[in-house]
Amino acid sequence: DVVLTQTPPTLSATIGQSVSISCRSSQSLLDSDGDTYLNWLLQRPGQSPQLLIYSVSNLESGVPNRFSGSGSETDFTLKISGVEAEDLGVYYCMQATHAPWTFGGGTKLELK
Amino acid sequence: EVQLVESGGGLVQPGRSLKLSCAASGFTFSNYYMAWVRQAPKKGLEWVATISTSGSRTYYPDSVKGRFTISRDNAKSSLYLQMNSLKSEDTATYYCARGQFGRYFDYWGQGVMVTVSS
Chain G
697 DVVLTQTPPT
707 LSATIGQSVS
717 ISCRSSQSLL
727 DSDGDTYLNW
737 LLQRPGQSPQ
747 LLIYSVSNLE
757 SGVPNRFSGS
767 GSETDFTLKI
777 SGVEAEDLGV
787 YYCMQATHAP
797 WTFGGGTKLE
807 LK
Chain P
7 EVQLVESGGG
17 LVQPGRSLKL
27 SCAASGFTFS
37 NYYMAWVRQA
47 PKKGLEWVAT
57 ISTSGSRTYY
67 PDSVKGRFTI
77 SRDNAKSSLY
87 LQMNSLKSED
97 TATYYCARGQ
107 FGRYFDYWGQ
117 GVMVTVSS
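The listed protein sequences correspond, in order, to chains G and P.
So the first sequence is numbered by our numbering: it starts at 697 and just counts up by one.
So the second sequence is numbered by our numbering: it starts at 7 and just counts up by one.
Bear in mind the hints are in silico, worked out from the structure with no lab data behind them.
Accuracy of the hints is not assured; some may be wrong.
Once the Cα atoms are required to be at most 20 Å apart in a straight line, the calculated EDC-like pairs of lysine to aspartate or glutamate come out as [claimed, not checked]: (1) LYS48(P) <-> GLU95(P); (2) LYS82(P) <-> GLU52(P); (3) LYS804(G) <-> GLU780(G); (4) LYS48(P) <-> GLU806(G); (5) LYS71(P) <-> ASP697(G); (6) LYS49(P) <-> GLU806(G); (7) LYS775(G) <-> GLU756(G); (8) LYS71(P) <-> GLU52(P); (9) LYS804(G) <-> GLU95(P); (10) LYS775(G) <-> GLU806(G); (11) LYS804(G) <-> GLU782(G); (12) LYS71(P) <-> GLU95(P); (13) LYS808(G) <-> GLU782(G); (14) LYS49(P) <-> ASP697(G); (15) LYS49(P) <-> ASP68(P).
Same shape as in the complex, but just chain P:
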């Protein structure tokens, strides 16, 4: 059974950093693109980052480019999101998702809440 379990969320002050983790199991992690998608409270979905199978290629929207870094450790079947210079508008539930060639997300984690507030 495919499982994606996020961790690392919490309350953080504006301008500070936070690192999210996603532990994957039930599939060969190194064979899949992975992604982060977020959802602000009572709002819709926003794609945040995607990483290729080897980690050599990463993709971001302008809203987080230069502040967020997606990475992976295939030996540990783990995905990460390093978030720097956090803003109040980054407050959201962050979902880890498995990507099929990066074009669609077929499995999602339960999500982890990040609140950016002073």
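With the rest of the complex left out, here is chain G:
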């Protein structure tokens, strides 16, 4: 199975600060169809997960553009340009290139 390693496990930020989360895959996530199925989700405290970004860099409808995704093959990054209070929670990367689909261990974003 593909292992996704997220760093850091915990991130402390102030409001307005820009932060990045890394997701490294044990295998290339480039699919034979040419797409790379690496997604990012946010789970706010007590809530269900919410899709932020799909296929590396595509912003899901309704998600603020302070969120952006980048990367290729095995190395991916989620960047938040100017953290807001509503961004606090646990961020997960998820791959859907190789079955079984797998998730990273999560990065908890806290207020400093």
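Following the hints, put chain P in place on chain G, whose structure we already have.
What follows is chain P alone, placed relative to chain G:
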């Protein structure tokens, strides 16, 4: 508005069975792959099952293959998860999720808790 509402959770003894349901509304259910994802208490997310639009194709990780069965009724806009031979490690909140071609999950239900314990 897209809504996914799970039901059927509860406390069950090891080795017994339980069936979860997910009622979908606000979109054309038959046009979308659907999935179940679970989260053990204080843990991360684990994909459990995916089903194609017609229900002809299903996918599972090894951890549940042979014990869990995902199904759907497009006429009722409903998704199901039949869980047999339950183990303590199946204890989790189970989320129903809408899949875009099965590759990412753009809407999630509120989740239903399943506790496997004697």
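Now for the hints, and whether the structure bears them out:
Note on LYS48(P) and GLU95(P): the hinted pairing holds, with a Cα-Cα distance of about 13 Å set against a maximum of 20 Å. Under the criterion of a C-alpha separation no larger than 20 Å, the hint pairing LYS82(P) with GLU52(P) is inconsistent with the structure, at around 27 Å. As the CA atoms of LYS804(G) and GLU780(G) are separated by approximately 14 Å, the hinted pair is consistent with the 20 Å bound. Simply put, LYS48(P) and GLU806(G) have alpha-carbon atoms about 16 Å apart, close enough for the 20 Å limit, and the pair holds.
Our distance criterion of 20 Å between C-alpha atoms is met by LYS71(P) and ASP697(G), whose separation comes to about 15 Å. As the CA atoms of LYS49(P) and GLU806(G) are separated by approximately 17 Å, the hinted pair is consistent with the 20 Å bound. With a CA separation close to 15 Å, the supplied pair LYS775(G) and GLU756(G) stays within the 20 Å bound. A hinted pair counts as satisfied when its Cα atoms are at most 20 Å apart, and LYS71(P) with GLU52(P) qualifies at roughly 14 Å.
Using a Cα cut-off of 20 Å, the hinted pair LYS804(G) and GLU95(P) is violated, with the two alpha carbons roughly 24 Å apart. With a C-alpha separation of about 15 Å, the suggested pairing of LYS775(G) with GLU806(G) holds against the 20 Å cut-off. At most 20 Å may separate the alpha-carbon atoms for a hinted pair to count; LYS804(G) and GLU782(G) meet this at roughly 13 Å. For the hint pairing LYS71(P) with GLU95(P), the CA-to-CA distance comes to about 14 Å; that is within 20 Å, so the pair holds.
The suggested pairing of LYS808(G) with GLU782(G) holds, with an alpha-carbon distance near 14 Å, which does not exceed 20 Å. Taken as a hint, the LYS49(P) and ASP697(G) pair is honoured in the structure, with Cα atoms around 19 Å apart against an allowance of 20 Å. Among the hinted pairs, LYS49(P) with ASP68(P) is consistent with the structure: their alpha-carbon atoms are about 19 Å apart, no more than 20 Å.
Of the numbered hints listed earlier, those contradicted by the structure are 2, 9.
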